[in-house]
Amino acid sequence: EHIIISPHPFTLPGRERPDEPIAVAVIGRQLTEPGRFAYAGLCGVSLGQLFPGPENRYCTGLVQWLGLDESVMPVMGAFLAGLGFEGSDTFLSILQAEPLLSAGATPITQDLVSFSVKDGLYDSRSRVLIRHVSCLLRVSPQQLEEFEATLGERLREGVVETAEESSRRQTKERGRKLRRYLLIGLATVGGGAVIGVTGGLAAPLVAAGASAVLGAGGAAVLGSATGIAIMASLFGAAGAGLTGYKMNKRVGAIEEFEFLPLSSGKHLHLTVAVTGWLCTGKYSSFQAPWCSLGACGEQYCLVWESRFLRDLGSTMAALLDGLVSMVAQEALKYTVLSGIVTALTWPASLLAVASVIDNPWSVCLSRSAEVGKHLAQVLRSRHQGKRPVSLIGFSLGARVIYFCLQELAKDQGCEGVVEDVVLLGAPVDGTAQAWERMVKVVAGKIVNGYCRGDWLLGYVYRGSSAQLSVAGLQPISLNDRRIFNVDLSSVVTCCSGRTPLTKSTLPSSFILNSVASSFLKGKTSTNI
Numbered sequence: 014e015h016i017i018i019s020p021h022p023f024t025l026p027g028r029e030r031p032d033e034p035i036a037v038a039v040i041g042r043q044l045t046e047p048g049r050f051a052y053a054g055l056c057g058v059s060l061g062q063l064f065p066g067p068e069n070r071y072c073t074g075l076v077q078w079l080g081l082d083e084s085v086m087p088v089m090g091a092f093l094a095g096l097g098f099e100g101s102d103t104f105l106s107i108l109q110a111e112p113l114l115s116a117g118a119t120p121i122t123q124d125l126v127s128f129s130v131k132d133g134l135y136d137s138r139s140r141v142l143i144r145h146v147s148c149l150l151r152v153s154p155q156q157l158e159e160f161e162a163t164l165g166e167r168l169r170e171g172v173v174e175t176a177e178e179s180s181r182r183q184t185k186e187r188g189r190k191l192r193r194y195l196l197i198g199l200a201t202v203g204g205g206a207v208i209g210v211t212g213g214l215a216a217p218l219v220a221a222g223a224s225a226v227l228g229a230g231g232a233a234v235l236g237s238a239t240g241i242a243i244m245a246s247l248f249g250a251a252g253a254g255l256t257g258y259k260m261n262k263r264v265g266a267i268e269e270f271e272f273l274p275l276s277s278g279k280h281l282h283l284t285v286a287v288t289g290w291l292c293t294g295k296y297s298s299f300q301a302p303w304c305s306l307g308a309c310g311e312q313y314c315l316v317w318e319s320r321f322l323r324d325l326g327s328t329m330a331a332l333l334d335g336l337v338s339m340v341a342q343e344a345l346k347y348t349v350l351s352g353i354v355t356a357l358t359w360p361a362s363l364l365a366v367a368s369v370i371d372n373p374w375s376v377c378l379s380r381s382a383e384v385g386k387h388l389a390q391v392l393r394s395r396h397q398g399k400r401p402v403s404l405i406g407f408s409l410g411a412r413v414i415y416f417c418l419q420e421l422a423k424d425q426g427c428e429g430v431v432e433d434v435v436l437l438g439a440p441v442d443g444t445a446q447a448w449e450r451m452v453k454v455v456a457g458k459i460v461n462g463y464c465r466g467d468w469l470l471g472y473v474y475r476g477s478s479a480q481l482s483v484a485g486l487q488p489i490s491l492n493d494r495r496i497f498n499v500d501l502s503s504v505v506t507c508c509s510g511r512t513p514l515t516k517s518t519l520p521s522s523f524i525l526n527s528v529a530s531s532f533l534k535g536k537t538s539t540n541i
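Heads up, the sequence shown is in the numbering used here, so the first residue is 14 and it goes up one at a time.
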């Protein structure tokens, strides 16, 4: 079975007429009619739980993709409204009985990914749905990751290889007045950047690479000018993506803003990590805190305001050294430093030592908010391409992400950009009202990693902002499926025992990356 994609106003390579439609193989159409309805029904019920609403273009498109009759749409509408949840088990049983799925339901996951990227836009909500349905079908996150990685690499390799082939062909045919190149204008959402892609970059290498993944029919469209347009749309302007983005001139109060890769290769989704401050020695770079992040697809770290973050790191080191001396002198009064937190009056010695951090901390608080707003602008304009982005940050890096989400929440149409968010020790407002505004722009999970005993965060942030509710110190009291509160008090030893203070205050970036990775890889439940 094939689905016919509408014709395009330009001639595809190997086609005589510009209005000739494209045939693409659809795995789902090879199922029986009950199987196709169960497939669509399972997705409809899942969408109703994840993103409830009376209308959903994704579901409508999926019904057409599977070749189902339009008469099923009222039933799908009921699923989208939150009804029919009890039918999920029946749908799963029907799919398990399908001959095509006798070896496992991986073809369903692959078909959903193919459907989701066919228009050059991999919406974060689509990926959250795929992860959820894959979990119900017992398709592991690793299988999904591998398929996405393979598909992404094949698409990227195809673009590079055919560009070289096109260059050689142009040299051989110099002087001929043949229209071998066609310009496809792709306006990225919010950015309006026009990307030039040569339409004649066609066929063989792209198709050869992708055919093993999508089948012959699917590879046919990827080897066409339409396929090249899809690749350019998914991976960003000229394929450069975030690596090619660098702030060439000062924007407002921001002096430094660029992305550095943490992993090699390209993927259909990516993760951006934001460091909270810079230390000296081994952990003096922006990449160092994320060395144990694990394999979570394509990864980048944000480089921002390094001069101020180093000043803050040096000041914190001096502060902690002073506290070590103070604790030794007052050992008879306090058995562990955490006792200071519960004291009604802060010791004068602590106030004297801590006063040195006020200025660099205040500067970084202000800068992080501005950097977060600029990050929102970058994501909004799709420099990363039209694919899902997950964000993870600790301390002031978490604050950058918080303000990024708050900025995205102000605009319509930004709901499909961000997939998952992990905030560790975030020095931001912890009230439900503040978080409720930004929840809508995150499709998957928002993880708030907090530690009640983080006395340093409590002291410097509450002192500078006069806020009693701090996200990094407490759970977020918001009843939403996206919010995950993770108490890290048992993992983080904040200035207790014999652990050196300069190490114990850096748990978010080193010890807790395994926690973050489990969420980013989708190993945790969707909590529906």
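Careful, some of the hints might be misleading.
[Stated by the list, open to error] In silico lysine-lysine, PhoX-like type, Cα no more than 20 Å apart, as pairs: (1) 295 <-> 386; (2) 423 <-> 453; (3) 386 <-> 423.
Because the hints were derived from the structure by calculation, they are not lab data.
Status of the hints after comparison with the structure:
no., hint, in the structure
1, 295 <-> 386, "violated, 30 Å"
2, 423 <-> 453, "holds, 10 Å"
3, 386 <-> 423, "holds, 11 Å"
When held up to the earlier numbered hints, the structure conflicts with hint 1 and nothing else.
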